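Visitor: Chain by chain, the residues run as shown.
Number of protein chains: 2
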Amino acid sequence: RPEHLPSNDITKTDDKMRAFAEKVFASDAKDENVRDEISMFDIADDCPILHQEQAMHLDRDEDEEKRWVAQEASLRLKKRRQRCRTMGVPVACSSLSSVAPVVDVEVETPTYLEVPDFQRVAIIGDYASGVTMDDFELSCKGLYRAMNIREKYMRLAFQRFPNITSQYLREMEGEPFRAEDQVQPGRSPQPGTQGEDPFDVNALPKNLGYVARMKDGVIYVYDDQAAADKGQPRALPCTDYDTFIDDMNFLIALIAQGPTKTYTHRRLKFLMSKFNVHEMLNEMEELKELKNNPHRDFYNCRKVDTHIHAAACMNQKHLLRFIKHSYRVDAERVVRKVDGKDVTLKELFQGLNLHPYDLTVDSLDVHAGRQTFQRFDKFNAKYNPVGASELRDLYMKTENHLDGEYFATIIKEVASDLEDAKYQYAEPRLSIYGCNPSEWTKLSGWFVRHKVFSPQFKWMIQVPRIYDVFKARNFVPHFGKMLENIFLPVFQATIDPHSNPDLSLFLQHVTGFDSVDDESKHSGHMFCTKSPKPEEWDIAKNPSYTYYIYYMYANIAMLNQLRRERGMNTFLFRPHCGEAGAVTHLLAAFMTADNIAHGLNLKKSPVLQYLYFLGQIPVAMSPLSNNSLFLEYAKNPLLEFHKKGLVVSLSTDDPMQFHYTKEPLMEEYAIAAQVFKLSTCDMCEISRSSVLQSALSDEEKTHFLGEHYLKEGPEGNDIRKTNVAQIRMAYRYETLCYELNLIKEGVKAE
Amino acid sequence: RPEHLPSNDITKTDDKMRAFAEKVFASDAKDENVRDEISMFDIADDCPILHQEQAMHLDRDEDEEKRWVAQEASLRLKKRRQRCRTMGVPVACSSLSSVAPVVDVEVETPTYLEVPDFQRVAIIGDYASGVTMDDFELSCKGLYRAMNIREKYMRLAFQRFPNITSQYLREMEGEPFRAEDQVQPGRSPQPGTQGEDPFDVNALPKNLGYVARMKDGVIYVYDDQAAADKGQPRALPCTDYDTFIDDMNFLIALIAQGPTKTYTHRRLKFLMSKFNVHEMLNEMEELKELKNNPHRDFYNCRKVDTHIHAAACMNQKHLLRFIKHSYRVDAERVVRKVDGKDVTLKELFQGLNLHPYDLTVDSLDVHAGRQTFQRFDKFNAKYNPVGASELRDLYMKTENHLDGEYFATIIKEVASDLEDAKYQYAEPRLSIYGCNPSEWTKLSGWFVRHKVFSPQFKWMIQVPRIYDVFKARNFVPHFGKMLENIFLPVFQATIDPHSNPDLSLFLQHVTGFDSVDDESKHSGHMFCTKSPKPEEWDIAKNPSYTYYIYYMYANIAMLNQLRRERGMNTFLFRPHCGEAGAVTHLLAAFMTADNIAHGLNLKKSPVLQYLYFLGQIPVAMSPLSNNSLFLEYAKNPLLEFHKKGLVVSLSTDDPMQFHYTKEPLMEEYAIAAQVFKLSTCDMCEISRSSVLQSALSDEEKTHFLGEHYLKEGPEGNDIRKTNVAQIRMAYRYETLCYELNLIKEGVKAE
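Protein chains in written order, with the numbering used here: chain A, 699 to 1448; chain B, 699 to 1448.
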């Protein structure tokens, strides 16, 4: 039996808690059917306890908070000369001196690391954060355990967890913190970025002779056929199903727990006010740092488009131009076979009753308009140019009569535009459906044949959650087969790279997995100990989001263990999450994902929002995409999340459907800057976060962010490269430490 | 004596009305000191009468309107086959058959002019529009007279007035409508757009020998010196001061008149609802037209940036690049003389203690940020790169040691980018201050010397309203001198082109005058019969906005009369108006301006807003500029104006300060499309309006909009060129006719 991680040793989840979790889940699910809910992004509505039990108590406290804000502002001039360096983190600095943030400038600190003096926001005497001591302790213990759970699953899959949060967790446990225990998802450079041939098969490692086989939806690795038959897998650490369910139930209960909701809600409100005061006091100082920073500004600091689909990575005008061009040069080329008969490009367009010369952006009709708002179904149809799936097949697919030549060419044109722009990178998603086991071979064959390589691109694999579609057409017998089709070829290529050289080469360029589809579709199934195993899931209904996430994660974690053992690149799990649907999606991702795309629904759960803050889990946000699908631009929570200190980046999602200009990512930044009135420092901070969130290699991150980019706080920031003010870095770091320290106080209080 | 237009023959303005007008003006002026007011763009607050006197009455009517909207929607399928062509303009079609809109398709109509069937919004039995019959008649008479006033002043200065509105006015007066009486501001092509030399002095006309001389702030033309000395000007029609004041006082009273406010408020509300219903019913039909329209889409329909300042027409990144480049090639060049000593570019930067290599967008600091909101004063300082006026002088001025070479080069680079983009035009403003009489010679010398010519550019002259600044420094003795400095050289070059060939050439490229400055500064002076004449205005205080506007208009009108007589191009008056400040600014522009820039404050006066609709007065709006200065993006009234049928275009104002991307105008359109969720038809309609509003030549407009672009309604629209649905054109036209017809009914009711 593989070595399982010990199940968590704090209060064990009992049946009562499980029942409660199911009740919460059921009520959350019910909400989902009310379409209007989607746009009601207001925490207050989710916190009846807040209103009923503590309204008066809180009102008093809020008045105090307001008074304090006003006082702070009026005192700013007076205090200017009395600045106290330790005020910002009054407790953190005194009790945490061993691991505490070092903000004071040491003698040998290079100039670019210096944090200029700035005015800090301090609260004197804020112990229990305005809730009763009992509630405070209860909340802190819950939050502590939640962070512990995430740390465990991140470590297991070689995914990110902040050093500083780990330091505080060890402190609470009375354990020593060892930096070498920390897992960092660090990547070696993508082959080809340093001038070598990215398609060299000779460097591939040899066959290990292992056998990979699926059991209960997860692929295990065996020394050989005999061990496999005996069911004795190699001793790689792996996810324990029951523990996972227990952990999940604990978290479901936690996010519905009154005191914790109140506590986190208040902390988030405080974080918001604190940032507003910080900005008011230090905006000009931050700007001064940037103005004095030579040769670097928003335009030439690196940005990564952290969430973009390859099939829609060109803008509509680009696609139109490409179609017209292909017709000019290839009209007589055979591009399709229908019933064994050759169809030329000319005949294809004749069949559609149109001539490419007349084609316009309007008739192409790939742009999302008012018709797509709240209609994910209509949105998906927009992937078909002129509404014709033949054109989608021809221009936006890797498998077709031309072996995906057109699609490869378009993608390479987009890459070449990015190379010209120099400071922009992108992480496009290609699809693996799990419909049959040869998908990987075909996709990697396409990649290698057309040399779809660019240093600007870090590739990801997206898996649509559409088992129900395949099952309905009898493509797969059960969900387990779908998982096997997705993961088994990757395990096999990892064990014996030469058995599938194309795939092995391609996997060197793949940086992670995404899980995609309309989250607002609700399955009704709750993932629990009684859920059927994937091999038993042969019903027509789709499994729930959490079920999908769990099995993707469990397989990726196992795969990463194997690949790390072989010294190969590992994969990050970066699902779409919280674009719509139940908040439990965000909970599943909290346990399993390195980072997520969208995260809008964090608005609905203060506990999860606070946990994403504590875990500094990056969220790739796409307000223009949301604006066309789920949420009006001005209501997008991006600005709020950014102010509170969540790690957010900006991404385009689908330039073909949402953007107008030749530079979709710049359009995304420009609109956010205009609508949210972001400062240059804000924009550069978001750019920096996008590089951190991305799967760029350690070398690239060092080059773009600074030598010590893995260190948290101002130490990790090279303003000469990032153009982020050190004052901002210090503010973020001290603020996170302050919040972690509060939890420590709560946990230690007994 | 010159022939004065007869003063208006309807109810003469008496002293009582004048007193009332002064009271209204005073209260409006008082409002202005309350800074908060600027963002309170809500009509309701301006209509106390609405609430107090008619609330109940209106409520009843509104409910009916709502019922009707709902009914209409539910009936749509049933009515689909019972469509009645005349329903849309039930009265207009029957009583106005001679001049009425011809929407029915004639047999010989070319296909592109056909209006597809669409569902029309009709009101059965809406005679008095929900107000009492007396109020209805009173309002209609007032509105009629107001339109009459505008028609008079537009005709006098060869500026625009809609044919259809004139037709209805003649109908009301029982006069025949003669198309040949209509004034159209039509322009012949700018020299150089058709391949000839734009700087050919030989084609300039000969000297007429006239004498131009200022009297009471207006320049008159005399046959010769003797006539001038006798004070006997040539018989050119000109503005009569007393009539103008009377007309103005009438309009001031009208916009404050209770019944008219209520009536126009209700009509505007109705126009909004009507458009919403139209969109609901016909959105897909409009889209179908566009999809079937070959080869034309939003990207390749023509757009004009109708409001942009030359000194800020490049974006910040472009300016930065240019500065760095100039340093690389010109470091040793003498660019300045200080106290007779040569200063090289290198020394200039050394003096500023910076090296261009280190310069960034941040240190350049020309972008408007959060600091500029509600601070026009701070905004103006942003014109200085790195805060150094030396750099503004060197890079963004026409007069300096290099004779404005750098500025000319930057502008030509911007023009070349536009030429590459092919579908975009711009109307940049250059400044004439009126500080001394040689400004024109210097500016036109710069223009001709550096051949600052591009077919993409239509030039305008902006005159800052800063008499007080010049007076304080003793540059001018009185306001009359400033006017003389601005206009006399133009009159002289018009009379004898060879006396100043550079200026005469330059004037061929000048298309109009703009009046610019911070409108929120309030002068306190009210323009009235007792106002000092410009030559007597020798106090330190700045004249009021209206005073400036009147004298600019009066001189431009006179100048246009003279130039039209000579067959030369005339000038349009296109002031900045309604960006901030009192609503009376918009009233002054209603009387005098061909079209305006900004117009935000139309939100504050339903009467003026309705008048701008009836007069189809184009408004160049710049929501990104407003967002940085006066009004948050989402609150911008652009969408509302567009829906109601006001003619709006999108413009950038100052790309250097507001925009991020390489294509500022596309950025402006993209953001508006995203935030306001504009359809393609909306965007193409706005593009079409921008061409109509612009000073492009007749040839260009014919080429970009269609042969009959001067005709109103679907007849005037060539969808193959504009990509605006004929359904939309028919809707706009029928809607305007319906509103004009209501006024006719009201006027005729007695």
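Everything labelled a hint here was simulated from the structure, so no lab data went into it. Take these hints with a grain of salt, some might be off.
When chains are identical, the list treats them as one kind, so a pair holds in a single copy or across two.
[Said to hold, decoys possible] Under the rule of at most 20 Å between Cα atoms (straight-line distance), these lysine-lysine pairs were calculated in the PhoX-like manner:
#1 K1375 <-> K928
#2 K1219 <-> K1360
#3 K1076 <-> K1399
#4 K1076 <-> K1044
#5 K1095 <-> K1022
#6 K1076 <-> K986
#7 K989 <-> K928
#8 K967 <-> K1015
#9 K1375 <-> K1076
#10 K850 <-> K1076
#11 K1015 <-> K989
#12 K1120 <-> K1022
#13 K989 <-> K1022
#14 K1076 <-> K989
#15 K928 <-> K913
#16 K1149 <-> K913
#17 K1360 <-> K1015
#18 K1044 <-> K1022
#19 K1399 <-> K1120
#20 K1076 <-> K1409
#21 K1375 <-> K1333
#22 K1120 <-> K1360
Treat the numbers as computed from the prediction; the structure is a model and nothing was measured.
Visitor: Okay, which hints does this one fail, numbers in order?
Guide: 1, 2, 3, 4, 7, 8, 10, 16, 20
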